[in-house]
Each structure stands twice: as structure tokens, then as C-alpha cells.
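K.L.:
Line order of the protein sequences matches chains A and B.
Residue 825 in our numbering sits at position 718 of the first sequence, with consecutive numbering throughout.
Residue 84 in our numbering sits at position 79 of the second sequence, with consecutive numbering throughout.
Check the hints yourself; a few may be wrong.
What the hints assert, rightly or not - The calculated PhoX-like cross-link candidates involving lysine-lysine, where the alpha carbons are at most 20 Å apart (straight line), are:
id, chain 1, residue 1, chain 2, residue 2
1, A, K705, A, K944
2, A, K955, A, K1019
3, A, K955, A, K1013
4, A, K720, A, K672
5, B, K89, A, K1125
6, A, K705, A, K672
7, A, K1129, B, K70
8, A, K943, A, K744
9, B, K89, A, K1129
10, B, K70, A, K1125
11, A, K460, A, K539
12, A, K944, A, K955
As the list claims (entries may be wrong) - Rough simulated footprint, nothing fancy, chain B against chain A, three-plus residues with beta-carbon under 8 Å:
id, stretch
13, 461 to 468
14, 683 to 691
15, 1027 to 1033
Hints in this document: simulated from the structure, not taken from any laboratory.
Even glycine gets a Cβ: it sits at the ideal position worked out from N, Cα and C.
Spelled out, the chains give:
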Amino acid sequence: MTIDLRRSVRTYVTLGDETSLNEIVDSLKVGECTLTQLIKDLGEYLLHEDDQVRFKGASVLSHAIRNIPAEQINRQATQTLTSFFLSKLSDHTLIAPTLEALTTLAQLQTFGSLEAKNVCTALFDCLKPPKPQFIQAVRYLYYQLLDTLLHRHRGALKSLGGEFVSGYIHTIQGEKDPRNLMLVFGMNRVVLIEFDTQSHTEAFFDVVFCYFPITFKPPPDDPYGISTDDLRLALRSDISASPFFAEQGIPLLIEKLTASSGAVKRDALLSIADALPVYGPGQVSLKSRKLWDAISIEILYSTDLETENVALNSLESLIRTLYQESEPTDLLDARELPGIANVIFDVCYDALKEPEKSKASPAVKIVAALIEACPSALGRPFTHSTLIPLLELFAVPAEPSQPGPILNHIHAVLVSLSKVYSDKGRSYAIDKPINESLREQLNSTLTSSMNTKSLRGPALAAFTQTLHINGYWDVSKDGVGIANTLIDFIKDPNEDSHIRLVAIEGLKCLGADILQTTVLPSLVSALPASVDVTTDWKPIRATLASITSLAVDENLFSIYVDGVKKTLEVIQDDNYSLAYVNILLTTLLVIIQEKSSKKHSDIAQHSQTFLPKLYAFFVVAHPGAVRESRLVDTAGKVIHAIVRSLDAAQQESYVKQIFNALVHGYWQDLLVSKDDIVHQAPLAQESSQRSYLPLLASALIAVRREVALPLDSLSDFATKLTQWTTQPESTIPEQVASQHLLANLVNKRIEKMPEYTTYLLAEWNQRTSEDSQANTAFIHIVQWIAKGLICRNDKLGVELVMKFLDLIASNSVYADRVAGVIGGIANDNNDGILDKKHSHAVSRILYKQKFFDVIFPEVVARYESASTSNGELVAPLASSLTHLPDDTSGRRYLATLAHLIQHMPKSLALAKLPQIFPILLIALSLDDTALRSSVIETITVLTLTEESIAQTVQQHMSSLISTLLAFATDATKTSPRLRVSALKLLSIFPTVIRKDILEQYKMQTVRQLIVALDDPVKMVRKEAVDAREYWWQV
Amino acid sequence: MEADKINANPIIHDTAQTSSNVYHSSDPWDVDFLGVSPSPLSKESEIDDAHAEEIDGDEVFHLLKDINDPEHPLTLEQLAVVSKAQISIDDSASEATILFTPTIPHCSMSTLIGLCLRVRLIRSLPPRFKVDVRVREGTHQQEAAINKQLNDKERVAAALENSHLIDVVQQCLSTATAR
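Isolated chain B (complex conformation):
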């Protein structure tokens, strides 16, 4: 069963830990760095103090990074299939472009991975966004074919009618929602 995998021994990348630095506050009275737990009351007001923020590449990356690879029990972030640098978002123009990198140039799973990305974005981005999912240039033998397939609305819709396919996609997406 192991031999069936297209890439049986892929490279694993360190996942970036996004810990905002607690020492960098500009307020000399700030004591958060000591890990003093704020009272529950201030936690509530903290949410209410949250200000409006545009949707950015970071946020979209967080939507995608925990999607599972169809072959391995590893996430797309660990396999460096998606990365922050390859996501560009323009909130005001409602445009999102996501490039992804297959682990090997002949990977036959690329279309499936692209479909997973697309489904995740259809479900979690506001519908005003025009989403473009593509294979990063020069990383796959059948780049043009895959890109065409992924950005053809009819074909994506048809793929999602296929109950077997949607099960596989669902399987990959199940890890994306952390609980």
C-alpha cells in the first residue's frame, strides 16, 4: 500500500509559529509580558474593543494551512504546498489569488489539492471575492491543464456533484477547522 503513493517520502517543512512578540508594546504600563492573566471582564471588553480589519493574506493562509494532504497525514503547510508568500489578497478590489506548489512535478493529486483549496475558499470567503487558484509557475508538468480545470466554474461545479469526490475533499478539509 505504501508503494502506491505518488510521493512516498516528501520533505517536511517546519511550520511557522506566529507568536506575536509580547515585549514590543509601546505602553510602559503594559504587564502582559509577565503572563498575568487578565480578569474575565477585561477579556470580554477586549473582544468588543476589536477594530475593523481588512481580509488579508495572513487570514486566508490560516484558512488553508491546516488542510490535509490527500496522501499523507500532513498538512499543506507542512508540505509547503501553500505558503503566505504565494497568497495575494486585495480586499478593496475583492480579488484573491492563491498559488500552490505540488511536492513533485508529476503529482497527480495536484488537481485534487487545487479543488480542496477552491472549495475551502468558496465556503469561507465572502462571495464578493473573485478567487483564482493556480499551480505556481514551473512546478508541474501539466500546469496549464490543471489551471484551466481549476478555474472553470462549470467543471468545478460538476466535480462537486460527484459524491465520491466530495467525500475525499471533505476528508482533506476536516482538519482545517480546528476543534
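If we strip away everything but chain A, and leave its shape as in the complex, we get:
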């Protein structure tokens, strides 16, 4: 479609019609008309005497240039258009479209350096005094154009020389708008670094430093999103852009530092830290004394840690600027150092004369900062001059309270050295930060203090730091000795836990060789081969706890596994021995968990060596042990963890061995035995071997989905297992193992088990008609199967939940338990058996959301209809607040809802807040202590995560407060957990609720909480004190 260009132009200019503007651009794009034509047609408007018309004319051209492809503007057109718009710069009516057009042109390839120079000169000219006052948006366009020129034609601008710099400075003077300043600060840095600004230092200093410090606070709901920190960072990069600022800048920064506080003070410190290296040693050394005085106040008299740390940063920057890296010094006395360092040392030295007092710790922080800032020049003198007097004072303390703090200060100095001489750090051998005599003195002091109980903590911490200093020790020579000293600490059960951690950290520094040859063998041999009533368990526990952190890597782990294997072979049958095996296995499990989180691949190799020994322990050596459910539980977890790490092929052959034992009673394959070991099959009718099911089931749960099971029919197996579980002789551990296995099987292989699901549904009615042990076991199996199915979004899962809900409607004998069962189904906790990582289970994303999307509205609907069908006229849920339904079905649905909400995904709960909050409030009146506690805990979590809930809470403040106070103060009718949770919720109100509302309840709450202060349970009293204190502060 061809358009009449002239008419479109006219329509736009006279009527402001956007469509005709777009038509013009479109026709230019497809080449139906040319820019020349457009300019010709625009001619009269561009020169029109009416400002409005001229503005529109220029806008058409500017808009067209911005929207047509760059190739359509050739070199000549660029030149023409540029000079055209340049001539319009003086016409302030047209300034916005002109600047926009020039910015577009300046980005074109065809825009040459001559144009760049011309544009730049013209830009500066148009600001010649009297400087016109443009509005913010125009100034923004202006800076944008300048920024584009700086970016693309820096060379051309440089050739303008001083003229550019002075023009630039004039341009940015007086700018106040934060959006513009962000652009200006960015350009400043470029100009300061790239251009020769020395002759304009003073003027430039004024336009940069006049903004310091930035105190701008963004208005609430600022659409531009410029924060105080954005501006601070940008300005800081200007301040530190040019060495010429040094002379005037340093005094100004010092002045602002001393005069300010809080965030502004930190800004000043950070600016100093950034600027000093740029300003250079010459200028900085002239003012070093003043800088030190100002910075040191923030460290020595620190009020908050954040400022103190920032001050230490700027101190390090000061030192790095003054003492640049050089040849390592031989100097030992810091007082002989040139420059500010000896002044600093004197201050620290004085403070460290009283090491137990509060000024000593900032002083040692300063020493550490200096060592780290310039190890070559300052490390050696500062280390010696600080440590030697401290060690002397330690030998002859002036006060009995001094030794501990002295060791802490030595520790701090050693930490700084260990940072400098870490694995990839500087060379200790070249720098020699500690000479032989100091090293000996240090070692003897630390070693002897480690043997003094009261000083052990700080001495050991300092000693461990020496192990971190690469080069301080010769591990091949001293390693074994050090290891033996440290091992004694970790074996000692009376040692503080943090001492053990530090010693373990030290042992790890000694390297894998020492750990393998000395440390682990020593620990494992410290474990007894047998235990009895006289055994002292404390050293065993301490040793095992240490093993969990040391025996993680492959060879070290094997040493421990071999130790456990030996113990399994020789251990006795009694209760103590079984408890001992239990803690050995738990330790093993903890290490395996650590290994799998580190993705170690050597777990699987123990399936052929360790697992047979473990099964043999239960099957051959100690048949009675299988009745000890705690041990079976632990062993099951170990088996599960090892089988899980096998690959599919290994699992396939392993599964055959498991089923041989489970279904046929043939154990010899599993035990890797040459002789036949045949028992009654655990799954056989009235088997005496039933209790082996948990140990075998835990291996099966870990099997991958793709592994084929050696069964003719999985459904038959599952049906048989279900019937077996409901037999009267089944024990709780057997039932749990069976529930887990069945849930895991349907989760992974439901498509192969249609007959099994038919069986379950067929049994359902009869199994729920009468309350019996067998039926309860059946119901728990169905509960777990529902859990397994819901994880994979199978619709049968929801169907089963509906069946449970129907039990409420039909007033079944199990109706009262439905709420708990459905809560259990919704609960995330599945003992790991339905976990993708943990058991290779199928777990679809967002399955929980989908489950709640179906079930929650269903229960709400049933709840509402139960309440109304009872003859009451109950309004929809949201408004029936304090209303507890009289009807039992209604109450059961309500309890179900309360259980469901506790396990709702947080995002969903927040979305449904207006609906669920009233439910939670009504549920508080259900007479169920545990449910009340969980409901309160749910409200607490919701209130803490979502601020908007405070609104809802406020509406129900009066009833909520009296309910919570009633719970909190009645020690006879409630549980401690309910009282604790009620008090916790009460104590968060003061931080989330509006003050005027709080004030109405302050007196009531503070007065009634007095009762809880005298609660018999300590934990409740503690919460009561906190809650009351928060309310006092309202």
C-alpha cells in the first residue's frame, strides 16, 4: 500500500495521530519513500513559527531516524542530518527530539569523528552562559548523547583537548537528579581515566567531591529503583579514578569520616580503601599520620563490628599503598620500621601490655591486618615484636587472668600468618616470618599450655593455626609426634566438643599419609573388641565421633569398615554387645551419608565384603539379635545405603539373592558362603523367621526402577505380603517394613500390579467395617500405598484418599482416625523411601500441589455440607469464624483440614490464606492437644513468612490472644509443647502487629503471663520470659 506521504505528515502534525506516524516509518522501511522526500514534505513545518508545529515536525523526523534500519541512512544523509539537527540545538523548543535524533545518528557506522567533534562542540556551546535550565528528562537525553559520543568517538573527543574537559565540567555542574547522576558518575570515571585532566583538577574535584557523602534516600515506591548504594558505589569509583584528587581528596575524606556515623561513615572508609592505592604512596605518605589517626579510632573504639571491619579494610589499603611488595626484610623490631608502621606498632604494643583488657583485641586485629597487608615488609618485624613480649608476659604474668587472653592474641597473629602462607600463598621459606628462636619459644609455650586444662582451648587453637602455616612444620619429621598429641585430645571423652573439633582440624592438616598410617589405625585400635557391664562408653563414643569426621576418604573409610567387620565376627550376644554394634553401625551410616553427599564412588565396593558379614551376623552368628528392633533399624539403614550405591546390573544380581532368602529361605548366596544355608523362608506361612523381613526389605527399597525383579507376578507377591502383614503374629517393625516396601513397590512399578490394586479395593469395605488389629494394619498399608502413588501423580492415590474421606461420611469405626491418616499421607516425611535421591523412587514435580488442588477443596466442601446438613445455617467457611460445628462429622472434617494445612506447600498456603486462616482458628477449639500445638506452630510459621497475614491476625486478635493466654497459663490441662508453641506465637506479635492494636492487649498479656513465669517446666518459663519482655517493650 502506498501512502500519501505529504498527507500523513499533515495528519500527524495537525492532529497528532500516531497511526500516520507509524505509516510514515513503515513506508520508509520498505523504501516506498526516502528520507529526502520526507524532509522535503516536512520543510514548512520544520521552519514554522508556531512552536507546537515545529516541535511536531522535528519529532516526525527524529522518530523516523530512530525507527528505520541503520543501513538506510548513508554517509551523506548522516552528515546532512547531523548538521541539520546541530543547527536546531539552539532552538530550545526542539531540544528533546533533536537530542534523540543526534543520539541515534551518533551510533551509526556512518557517523565520523568530524561529526563527533562538531556535535560535542555544539553541545557545549548550547550550554554557554547563561546556562539554560532544561528539565530532567532533557538533561538525561543530553547526557545520553554525550555518553554515546564518549563511548564511540573517544579519540575524536580527546583531540579536542582541554576544551573538552572544561566544557564537560561545565556541563555536569549542578546536576541533582539521581538518574542523571548515575550517568554522570559513569562518564566522570571514563573522562578521569582516559583524558588529561590534570590542569582541571580543581574544577573536577569540585564537581565530583561535592556529592560526597551521598545521603540520598530513595522515595518509597521509587519507580527508577536507584538505591543509595548504587550512587555510593558509582561516586566511589569517581573518587578513586584519578591520582590528582589526592591532595584535596584525602583531607576531605578524613573530615567526612570523623564527622559522620553509621552507613555514611562506612562509605567514607570504603572510599578511602578504594582511593588510596590510586592516589599513590607519594601523596598518601604525606597524610599517613592523619589517616591512621582517623581510621584507628574506628577500630580501637569500635561501636559496631561492621564499621570495624570496614575500617580494617581501609587500614590494609593504607599499608598496601605505603609499603609496596618488596624483598623480604630481615628486620625483627617493628620500632625500626620506616614510616607510619612504627607509630602503629607503638599504639598496639601499649594496648597489648594489658592483654586481658578490652583494647587488646582491636590492637591485635590491627597487627594481623598489617601482617596480611604487606607480609614481605611487615610480616617478620610485626610477628616478632608482637609475639615475643606476649610470650614473655605469658611466662611471668602480671595478673592471673592474663594467660588465656595472651593465647587468644597469639592465635590471632598466627591466623593472619596462616592466611598469608596457605597452600597457594607466599613462600614461608623465603619470607622467614618466624625465626628459629621464636619458633622454639612458641612451640614450647603452646605445647605446655595444651596440657593445662584451663588453657587447652586457646592453646590448641593457636597450635592448630601453626599447622595451617605452610612451611612452619616439616610433616615428614614431626607429623607422627603431632598426630599422637592431638589423638589424645580427641579420644578423651571429658574434653569439650570444640576442643575435639579443633584437634580434628589440626589432624586433617597433617595430610592423608599420616591419617592413614597413624591416626586411623590408632583410633580403630582404641575400640574394644568386646563390651560388658563394666565398659566405660565415654571414650568409645568420643573415638567414634572423631572417626565420623576423619574416616571419610576412600582408604581411611576402609580402615574403619575392616575394624567393624572384625568386631562383628568376635562380638558376644548380650544387650551391651548389641548396643555396641548399633553405635558402630550408626557411625558407619553417618560416614556413608557424608560420602554420598560428596559423591564418593567407593561405597558400592563394600557390598560384596561388608554386607555378607552383616547379614551373617544376624542369620548365622546371632539369630536372637534380629528381635532387637533398634539394631535391626540401624542395620537396615546401612544395607539400604550400600545397596543404593550399586549400579543397575549389580543390583539385578543382588536382588536375586535377596529374593532367594526372602521367598525360599536360601541364604548362602547373600552370605557368600560355600555351604548351603537354608532356613524357613521369612514369608512362609507361620514362619519362625518372620523378623528377617525388615533387613531384606531395606535392600529392596533401594533397588532402581529399571532393575527386573525375579518374580513371576509382582501382584501375587504384594498380595501375599499384605496378607502376611495382617496376620496376628506380625510385629510393629515387620508391619512398618512391609508398609515401606509396598509403598516403594507401587511407587516404582504400579503398571505391573493391576491385580494388586483390584485386590486392595475389593478388600476395602470388609476391612473397614470392624476395628481389629489386622484391619488397622491393612489401613496403614493403604495409607502408605496412597502416599507412594500420590508421589507419582497416580490417580488411584487420590481415589484411596477419597475412600478414607468416605469413612467419615459413613460413620465408620475408623472415622475418628481419618484426619490423622490423611495428615500422614500429606506429610512430607516418608522415611526416605519415596525419595528420588534416597531410594531411586518416582517423584513428580509439584505432585504435592496437584494433590492439594484436588483434596483440599473436596474436604472443604464436605465440611461445609456436613455443617449445613445438620440443620444449622452456617455461612460459608470464611465468615463462620469462631464456630465449632456441633456435628461430629463436621468436626472430623475440620480436624482433617487442620492436619492438611500443616503439610500444605508454603506457597499454596499463602495463596489460600484467607480461606485457611479461619479454619486454623476454629481448629484451635478442637479438644486435641497435639493438633492444637501443630496448628499454633503452623500459624507461627505463616505469620513469620508472610507479612500480609498480620492483617488477618489483627482481625482476630481478641479471641486469639485470650485462647493463647489460656493455653500458655494452664499447666494442668495442656502439654509443655502446647504451652511453648502458644508462648512463641504470642512473642512474635509485637514484631508483626500494628502498635495501636498491641497496646489494647498489652496490659492483659503482660499481667496474665506472670502465671507462665512460674511454670513447672524450664523451657516454658524461658519462652514466657521472652514473650513477656517483647510485650513489655511495646
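Using the hints provided, position chain B relative to the given structure of chain A.
P.N.:
Structure of chain B alone, referenced to chain A:
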């Protein structure tokens, strides 16, 4: 501003870490020492298993130890102003005696510190307790005057009417409630 402090460079004491030793359980089946995290269910029942305990010196010390010194950003425990040994509690007789040690014998903040202790105890001990807050013998020049002031109900009540004073006390107490 630093010179204004009455004791600008006080001694800092190590704060006692009360870590109950995990190895000392008498039950051979106990595996808590391995740091195996108990399931959330057992954590809940653990609270419910809590048995009745009398209020003792330990508990009261925990109420007081984190109160801030009016001069320094340090707690009364770090400055050894309060310590366990100087707190005696008799729950059955409802008596509490708290002695405190000023950092220096001429400390003019002692009355304020005593007031902070008293306010904290009024708010957090059951009202049946008779609370006695005193300066430890021989640690302050004006011991008798301070003790008299601190244990005079009228004067304490009058002090708490003073809004400036209550602000200062509140400031010191703000660290006592850990959050």
C-alpha cells in the same frame, strides 16, 4: 567522647560455654553423640517429656548474663559483673539473692546496673520471689548507699517513673532477650 567513660579499658572475661557433654549418657543405645538429627516427631515428644524443674541459680544467671553494660557494648557476663557463683536461689522459700561486682570501686554506673538487674528480675521471675540485689561486699566505695537505694521499693518504683531512666534501662535490657 572516649575519655568520658568511667572505665574506658575494662577487663574482658571469657564467657563460659555451657555445652553439656554428649558422651556421658548412661544408655549404651544412645547415638546422640554422633549428631544424628532426631526426626521432627521425636523433637516434639521431647518437649512433652520435659519434667518439672525448680527455678535455680543457673536459670536466673541466664536471665541476667546478656544484659548490656551501660558504658560498653559488652555484656555483664563478659565484664564479670554477674556470675553464677554470686546468685543464690531458694525456690521453695521463694528467695533470690543476687550479688554483683562493679568493674571498678568508684563506678558511678553501679546503681544503674543494679536497677537493670532488678527490673529484669521483676519482669521475669514469678512475683512470689523476694528479690535481693546487692553490691558484692568490698567491691564498691559506696556499697551501703547503693544497696539501700536498690532495695528500697519506693525508690525503685520512683526511678521507673522517670522516662529517661527507663529508656536507658530498656536499652541495656534489649540484648537480654536473644532473638
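K.L.:
Taking the earlier hints as the rules, which of them does this structure contradict?
P.N.:
6, 11, 15
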